[in-house]
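K.L.:
Each chain, written out:
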Amino acid sequence: MAIIKFTLNHKQVIVNGDPNRRLLDVIRNDFNLKGLKEGCGEGECGACAVLINHQIVNSCLYVLANAEGKDIITIEGFAETKRFAVIKSAFETAGAVQCGFCTPGMIIATESLLNANPHPSEAEIKIGLSGNLCRCTGYNMIVEAVQIAMKAGEGLW
Amino acid sequence: MVKHIIPETLSEALKYLYQGDFQIIAGGTDLMVQNRSWSETPVNFTKNMLYCFDLLELKGINVIDGRVEIGAMTTLETIMNHPGVPSLLCQAIGEMASPAIRHVATLAGNIGNASPAGDSLPVLILYDAWVELRNMAGFRMILLKDLIVGPRKTAMHPEEMIVKIVIPIHNFDFESYIKVGGRKADAIAKVSFAGAVEIEDDKIADIRLTFGAVGKTVIRNETAEGAWIGMTITELKTGIWRLIDMYNQLIQPIDDQRSNKYYRKTVAINLMKDFIDRL
Ligand SMILES: Cc1cc2nc3c(=O)[nH]c(=O)nc-3n(C[C@H](O)[C@H](O)[C@H](O)COP(=O)(O)OP(=O)(O)OC[C@H]3O[C@@H](n4cnc5c(N)ncnc54)[C@H](O)[C@@H]3O)c2cc1C
Ligand code: FES
Ligand code: FES
Numbered sequence: 460m461a462i463i464k465f466t467l468n469h470k471q472v473i474v475n476g477d478p479n480r481r482l483l484d485v486i487r488n489d490f491n492l493k494g495l496k497e498g499c500g501e502g503e504c505g506a507c508a509v510l511i512n513h514q515i516v517n518s519c520l521y522v523l524a525n526a527e528g529k530d531i532i533t534i535e536g537f538a539e540t541k542r543f544a545v546i547k548s549a550f551e552t553a554g555a556v557q558c559g560f561c562t563p564g565m566i567i568a569t570e571s572l573l574n575a576n577p578h579p580s581e582a583e584i585k586i587g588l589s590g591n592l593c594r595c596t597g598y599n600m601i602v603e604a605v606q607i608a609m610k611a612g613e614g615l616w
Numbered sequence: 056m057v058k059h060i061i062p063e064t065l066s067e068a069l070k071y072l073y074q075g076d077f078q079i080i081a082g083g084t085d086l087m088v089q090n091r092s093w094s095e096t097p098v099n100f101t102k103n104m105l106y107c108f109d110l111l112e113l114k115g116i117n118v119i120d121g122r123v124e125i126g127a128m129t130t131l132e133t134i135m136n137h138p139g140v141p142s143l144l145c146q147a148i149g150e151m152a153s154p155a156i157r158h159v160a161t162l163a164g165n166i167g168n169a170s171p172a173g174d175s176l177p178v179l180i181l182y183d184a185w186v187e188l189r190n191m192a193g194f195r196m197i198l199l200k201d202l203i204v205g206p207r208k209t210a211m212h213p214e215e216m217i218v219k220i221v222i223p224i225h226n227f228d229f230e231s232y233i234k235v236g237g238r239k240a241d242a243i244a245k246v247s248f249a250g251a252v253e254i255e256d257d258k259i260a261d262i263r264l265t266f267g268a269v270g271k272t273v274i275r276n277e278t279a280e281g282a283w284i285g286m287t288i289t290e291l292k293t294g295i296w297r298l299i300d301m302y303n304q305l306i307q308p309i310d311d312q313r314s315n316k317y318y319r320k321t322v323a324i325n326l327m328k329d330f331i332d333r334l
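Which chain is which? The protein sequence lines are X and Y, in order. In terms of our numbering, the first sequence opens at residue 460 and continues consecutively. In terms of our numbering, the second sequence opens at residue 56 and continues consecutively.
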């Protein structure tokens with residue numbers, strides 16, 4: 460057992476438990492935040508993505524012990540921001556959401572990318588989204604959504 | 056019961072390692088998959104775990120005296136974006152996994168995992184990289200090519216850990232890295248090749264050729280390389296069949312489900328041939 464402290468969606472939290480739990484389970488079960496999904500469970504699909512210190516990370520591969528002191532944002536926390544509003548409307552405009560299973564992860568990937576590089580090229584967008592799988596859209600609409608968000612959100616990133 | 060220790064300092068970590076039977080976990084991107092358990096249950100580690108990812112002493116990159124020193128817990132993304140890191144390493148990392156993995160995975164973890172398909176290894180071995188190992192009593196430096204002794208086998212002692220990777224900076228005139236895999240971002244390499252050549256007075260002063268994922272460990276043969284030193288690029292190009300013969304004997308791929316060995320060998324040789332053609 461161990462006591463692990465971190466911030467989750469801007470609130471200081473403490474988890475007392477097995478340090479070898481997956482961050483995915485801690486967030487979904489202990490904090491009842493169900494926006495992130497378990498797809499593959501092994502780092503291939505990005506459905507479980509969260510932001511750790513502003514960078515996209517797969518929570519299914521992230522061990523609780525390594526969360527100590529980190530700043531963790533889930534899609535629920537990110538949904539409170541202006542940046543999210545811009546990305547959401549861009550995804551709607553581009554028709555980048557079908558079943559929606561991949562969408563929280565895609566939005567986290569978009570934020571991680573634009574935060575590091577506010578004006579990515581198409582190739583850079585594809586790299587930014589390369590860890591996220593989508594079974595529905597064929598990706599073009601998602602790349603387009605990122606381009607729309609980048610323009611509409613000029614100055615936000 | 057498996058123990059879980061989150062040390063606060065390197066010396067504390069080394070004390071636990073000395074007590075024996077601890078496994079180091081860095082970013083965990085290999086270990087979490089290898090020990091995967093049912094969803095919603097803790098990861099099924101079978102050894103006592105030492106969580107070292109947040110040891111500040113092991114984070115960061117220093118460029119000093121003609122070498123780059125990379126702390127063991129520095130993430131791949133940080134390494135890739137650092138201006139002092141040699142270009143082939145940045146390129147190899149750029150083709151590893153996805154941003155979400157690279158934000159967590161470490162170079163020391165790629166080395167510690169010692170997979171025949173570990174993508175940083177051909178490039179690090181091309182650069183003659185060293186690894187600094189530490190235990191309670193002190194430290195030793197070992198060439199990476201001597202550290203990795205077989206698939207998933209290293210020459211590290213149980214009470215030792217990697218604290219740094221040290222890469223001598225060398226200015227080559229030509230450098231190239233190519234990885235052939237499936238889906239680019241998440242593909243574990245089927246075959247990879249790295250080559251570098253330095254020219255002095257129109258003659259080859261240094262030539263290094265490495266192959267990944269075509270043998271039990273990275274293939275590099277300094278005798279075969281040495282045979283070309285002092286020759287011109289034209290001589291190398293006209294002698295390419297002799298070079299190909301040499302590597303046809305040196306490359307003995309192992310079969311696995313990812314691709315068969317004839318395919319791997321042919322691709323490996325072609326990648327080298329392309330590199331020489333483009334010089
Ligand atoms: C989806 C996905 C895609 C991937 N794609 C690639 C790819 O394209 N190419 C590739 O090469 N790999 C790939 N990997 C594998 C993995 O991400 C890399 O090997 C990574 O570099 C491992 O680093 P880590 O810090 O996560 O290691 P960990 O899982 O923490 O550790 C790996 C091993 O190294 C040992 N170790 C770690 N740190 C130290 C230390 N300081 N001293 C001694 N031993 C240590 C551990 O005990 C363990 O045996 C992929 C993995 C996933 C899940
Ligand atoms: S569930 Fe984590 S990457 Fe697929
Ligand atoms: S919209 Fe269905 S998986 Fe992407």
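In short, the hints are calculated from the structure, not lab data. Treat each hint with caution, since some may be false.
Calculated cross-link-like contacts (lysine-lysine; reagent style DSS-like; alpha-carbon spacing at most 30 angstroms) [to be verified]: (1) K464(X) to K200(Y); (2) K610(X) to K585(X); (3) K464(X) to K58(Y); (4) K328(Y) to K258(Y); (5) K585(X) to K541(X); (6) K464(X) to K70(Y); (7) K102(Y) to K529(X); (8) K271(Y) to K208(Y); (9) K316(Y) to K208(Y); (10) K208(Y) to K292(Y); (11) K70(Y) to K114(Y); (12) K258(Y) to K316(Y); (13) K529(X) to K464(X); (14) K464(X) to K102(Y); (15) K529(X) to K258(Y); (16) K200(Y) to K320(Y); (17) K585(X) to K114(Y); (18) K208(Y) to K102(Y); (19) K493(X) to K529(X); (20) K529(X) to K200(Y); (21) K258(Y) to K208(Y); (22) K328(Y) to K271(Y); (23) K200(Y) to K292(Y); (24) K493(X) to K547(X); (25) K547(X) to K610(X); (26) K258(Y) to K292(Y); (27) K58(Y) to K529(X); (28) K470(X) to K320(Y); (29) K102(Y) to K114(Y); (30) K316(Y) to K200(Y).
K.L.:
Checking one constraint from the list: CA of K610(X) to CA of K585(X), max 30 angstroms. Satisfied?
P.N.:
holds (17 angstroms)
K.L.:
Regarding the pair K328(Y) and K258(Y), is the alpha-carbon distance no greater than 30 angstroms?
P.N.:
holds (19 angstroms)
K.L.:
Given the hinted pair K258(Y) and K292(Y), is their Cα-Cα distance within 30 angstroms?
P.N.:
Within the cut-off at roughly 13 angstroms; holds.
K.L.:
Would you mind confirming whether the straight-line C-alpha gap from K585(X) to K541(X) stays at or under 30 angstroms?
P.N.:
holds (23 angstroms)
K.L.:
Would the hint linking K493(X) and K547(X) be met if the CA-CA limit is 30 angstroms?
P.N.:
Holds - the C-alpha atoms of K547(X) and K493(X) are around 18 angstroms apart, at most 30 angstroms.
K.L.:
Within a Cα-Cα threshold of 30 angstroms, do K271(Y) and K208(Y) meet the stated pairing?
P.N.:
holds (10 angstroms)
K.L.:
Does K102(Y) pair with K529(X) here, judged by a C-alpha cut-off of 30 angstroms?
P.N.:
holds (26 angstroms)
K.L.:
Would the hint linking K200(Y) and K320(Y) be met if the CA-CA limit is 30 angstroms?
P.N.:
Answer holds: K200(Y) to K320(Y) is near 21 angstroms, not above 30 angstroms.
K.L.:
Taking 30 angstroms as the top limit, are the C-alpha atoms of K547(X) and K610(X) close enough?
P.N.:
holds (13 angstroms)
K.L.:
Verify the proposed pairing of K102(Y) with K114(Y), using a straight-line Cα cut of 30 angstroms.
P.N.:
holds (25 angstroms)
K.L.:
For the pair we were handed, K208(Y) and K292(Y), check the Cα-Cα distance against 30 angstroms.
P.N.:
violated (37 angstroms)
K.L.:
Are the Cα atoms of K316(Y) and K208(Y) separated by 30 angstroms or less?
P.N.:
Answer holds: K316(Y) to K208(Y) is near 22 angstroms, not above 30 angstroms.
Checked against the numbered hints listed earlier, the structure breaks hints 1, 10, 12, 15, 20, 21 and 28; every other hint is satisfied.
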